[in-house]
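*Asks:* Chain by chain, the residues run as shown.
Protein chains: 2
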Amino acid sequence: MSLLVVGSVAFDALETPFGKTDKIVGGSASFISLSSSYFVKPVNIVAVVGGDFQKSDIEKFQEHGIDTTGLQIRENEKSFFWSGRYFNDMNSRETLVTELNVLEDFDPIIPDSYQNCEYLMLGNLAPQVQRTVIERLQNRPKLIVMDTMNFWMDVAYKELLKTIALVDVISINDEEARQLSKEYSLVKAAKKILAMGPKYVIIKKGEHGALLFSNDDMFYAPALPLDEVFDPTGAGDTFVGGFIGYLAKYGEATFYNMKNAVIHGSAMASFCVEKFGTERLLNLSDREIEKRVQQFSRLVQF
Amino acid sequence: MSLLVVGSVAFDALETPFGKTDKIVGGSASFISLSSSYFVKPVNIVAVVGGDFQKSDIEKFQEHGIDTTGLQIRENEKSFFWSGRYFNDMNSRETLVTELNVLEDFDPIIPDSYQNCEYLMLGNLAPQVQRTVIERLQNRPKLIVMDTMNFWMDVAYKELLKTIALVDVISINDEEARQLSKEYSLVKAAKKILAMGPKYVIIKKGEHGALLFSNDDMFYAPALPLDEVFDPTGAGDTFVGGFIGYLAKYGEATFYNMKNAVIHGSAMASFCVEKFGTERLLNLSDREIEKRVQQFSRLVQF
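Protein sequences appear in the order of chains L and P.
Counting with the working numbering, you get residues 71 to 372 for the letters of the first sequence.
Counting with the working numbering, you get residues 71 to 372 for the letters of the second sequence.
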């Protein structure tokens with residue numbers, strides 16, 4: 071099943087209690103597409119980078135079955151750059167630098183070869199840009215999943231609501247769900263967000279797992295308790311990449327498949343946090359993923 | 071199987087965003103014994119109250135199969151009293167009043183009829199008092215479970231360690247586990263606490279569920295996502311009451327039974343928070359409990 075991923079491909083510079091990095095590959099579309107590539111190929115990507123982005127990094131995407139026809143390269147500009155520092159508990163962080171660069175006026179052009187995609191993953195981007203992607207597809211995909219963040223709730227609330235109304239699944243974290251719905255209880259928050267349009271709401275709770283809601287069902291996926299979280303950057307994108315990758319592989323978006331998709335997304339995220347950036351996502355085997363999924367299964371079985 | 075519960079029987083005055091109460095029945099032993107009474111009878115209780123404690127409240131315990139032979143009544147003194155206010159998120163609270171009263175010099179006298187109990191639940195109390203109970207039992211119970219709180223880590227750390235070394239299961243919340251172990255990762259924290267003596271560690275995470283650890287196994291029980299948490303007071307005690315009650319009912323303390331005990335404890339706690347204090351625990355049916363356990367089962371099944 072064909073999957074289209076739209077989002078940022080960027081540079082991150084990270085500082086955690088375990089060390090720090092220079093500019094490494096980051097961005098929502100990078101984590102999402104690498105994660106989903108373990109379930110479905112090709113993964114078609116629409117994003118924009120500057121001339122500073124390495125050819126070798128693009129080749130790494132391609133080696134994972136990611137079609138980069140839709141990756142715009144603006145030679146004379148710079149890639150989106152984010153730098154942040156995580157505090158000891160790894161649950162809070164501060165942003166040191168944000169340089170929008172090429173992302174400031176990103177126009178998501180859909181290559182003809184990407185038309186008729188059946189699964190669309192809208193990674194975190196301005197909601198107007200996310201909506202433009204939907205509008206430019208000649209046929210509505212079978213399933214549209216979107217991710218977003220609190221920033222857009224602050225600066226583009228109305229635009230965000232318009233985009234949310236068009237998608238099937240929205241994936242956000244607990245604080246964002248509370249902000250979006252103005253409800254503290256996540257059950258109430260999910261109900262309000264479902265009323266905004268989506269058929270499914272995923273609320274990510276980091277080390278506490280993820281909740282999946284439909285209008286008449288609910289599922290709680292744990293996160294795997296880990297000895298160490300080395301770098302949480304991209305875990306949410308990796309999660310949703312595994313989620314949509316699994317669905318694109320197995321077809322029907324039933325609640326049953328969605329639950330398994332959430333587990334597979336959680337498994338992928340549990341790998342992501344083991345190393346800096348996308349590093350751990352570059353060398354996984356199907357067997358490792360299957361073993362991790364079995365760990366999740368044992369973890370909750372009673 | 072005979073169960074002995076030691077802890078506080080007290081008065082609480084509570085303030086939540088949903089309302090406030092005058093003095094109502096609270097205390098660790100109240101929640102624990104009411105919760106466990108749905109699984110095993112009699113529940114033998116050792117605690118102390120003052121002359122201000124109502125005979126009708128003692129009768130309510132008795133109606134639930136709680137043997138109050140070991141409930142000391144000091145006619146001329148006052149019961150332990152705690153007053154607190156919960157903030158909007160229900161996850162944080164402030165203590166308004168703490169009056170130790172009868173609890174200040176509580177001497178846990180074990181009635182002869184309670185000797186040879188097979189299950190011992192040490193509710194939150196000074197660790198020296200908890201240890202005295204173990205010492206006064208002529209035979210070591212088959213299973214000893216203890217609960218404690220950060221207060222004792224601050225003021226009686228060495229005493230606490232001595233008591234922890236004597237028990238089979240310790241039940242504490244995530245912040246307490248971190249404080250006790252000086253580890254942020256709950257996996258590492260559990261390992262350190264297991265090395266202090268207990269064979270099992272339960273880490274309660276409130277709305278995020280509970281983790282059960284042994285030296286070579288791990289289990290994650292979700293909390294039921296609720297529309298509303300009306301009053302979280304006593305939820306942790308209710309949880310551990312359901313936990314030990316289930317084990318006392320089904321006998322063997324295998325990891326398999328412990329997992330089911332954690333689920334039953336979680337189900338009991340999910341009732342507790344629906345009303346003020348012990349109110350919801352006074353009128354449950356076996357059918358309601360079984361239905362709630364099934365909800366937990368569906369919640370994590372994939």
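Simulated from the structure, these hints should not be mistaken for lab results.
It cannot be assumed that every hint is accurate.
Because identical chains share one entry, a pair is satisfied inside a single copy or across any pair of copies.
For lysine-lysine, the following DSSO-like pairs were computed, each having C-alpha atoms within a straight-line distance of at most 30 Å [what the hints assert, rightly or not]:
#1 Lys212 / Lys90
#2 Lys258 / Lys275
#3 Lys261 / Lys130
#4 Lys275 / Lys261
#5 Lys361 / Lys329
*Asks:* Going back to the hint list, which numbers does this structure go against?
*Replies:* Checked against the structure, the hints that fail are numbers 1 and 3, while the rest are satisfied.
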